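Engineer: Counting from 1, one number per residue, gives the positions in the sequence shown under full-length UniProt numbering.
Simulated from the structure, these hints should not be mistaken for lab results. Just so we're clear, the structure is a prediction, and the values are computed from it rather than from any experiment. For glycine and all other residues, C-beta sits at the position ideal for the given N, C-alpha and C. Watch out, some of these pointers could steer you wrong.
Now the in silico label distances, taken between C-beta atoms and shown as ranges [unchecked claim]:
| # | residue 1 | residue 2 | range |
| --- | --- | --- | --- |
| 1 | V48 | K101 | 14 to 22 Å |
| 2 | E88 | N111 | 45 to 53 Å |
| 3 | T127 | V48 | 14 to 22 Å |
| 4 | G126 | A46 | 12 to 20 Å |
| 5 | Q37 | F97 | 15 to 23 Å |
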Amino acid sequence: MKCNMFKVFLLSFILLSLSIVQCSFFSVTTLAGTLDQRVFHLNERATVELLEKNIDLVIIDLRTPREFEESHIKDAININAFSKNFEEEILALVKEFGTSKPWLVYCRTGNRSLKALPDIIRLFPGTIYHIKDGIAYSSIPLESDNK
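Produce the complete structure using the sequences and hints provided.
Structural biologist: What follows is the structure, encoded as structure tokens:
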């Protein structure tokens with residue numbers, strides 16, 4: 001009898017522990033936008049393949065204007081993730097392009113764009129592709145405004 005009670009207690013403890021761990025994982029990853037089914041985190045290869053398909057995308061570079069001038073993905077629009085008008089600029093893009101075109105968002109290393117994703121997800125109801133490691137050390141084709 002004592003052995004069965006111990007097994008029930010142990011099983012209950014394990015299940016409770018697992019549910020607590022799962023809940024805390026869910027809340028952390030949701031804050032980063034990684035569990036949103038509209039967001040696809042792309043590596044370098046997947047990004048190059050997506051760009052080669054010539055899908056009609058809204059490409060958003062979340063770096064500073066200076067970084068953008070140095071190099072960026074062709075046809076990218078620059079919205080500084082640090083701008084105090086960031087939300088207004090995102091909403092202006094939603095108004096200009098609608099929600100049917102998917103967005104491709106990126107920055108230099110993936111950090112700024114990952115931090116900006118929750119706001120972008122909240123403001124843009126469409127599909128979002130995120131270059132998870134950024135463009136700094138990649139072979140993703142870039143162009144420059146410096147002529």
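Engineer: Now tell me, hint by hint, if it's right for this structure.
Structural biologist: Now for the hints, and whether the structure bears them out:
1. Taken as a hint, the range 14 to 22 Å holds for the pair V48 and K101, whose Cβ atoms sit roughly 20 Å apart.
2. In this structure the hint that E88 and N111 lie 45 to 53 Å apart at CB is violated, the actual value being about 23 Å.
3. A hinted range of 14 to 22 Å for the beta carbons of T127 and V48 is consistent with their spacing of about 18 Å.
4. For the pair G126 and A46, the supplied restraint of 12 to 20 Å holds, since their beta-carbon distance comes to about 18 Å.
5. In this structure the supplied range 15 to 23 Å holds for Q37 paired with F97, their Cβ-Cβ distance being about 21 Å.
When the structure is compared with the earlier hints, a violation turns up for hint 2 alone.
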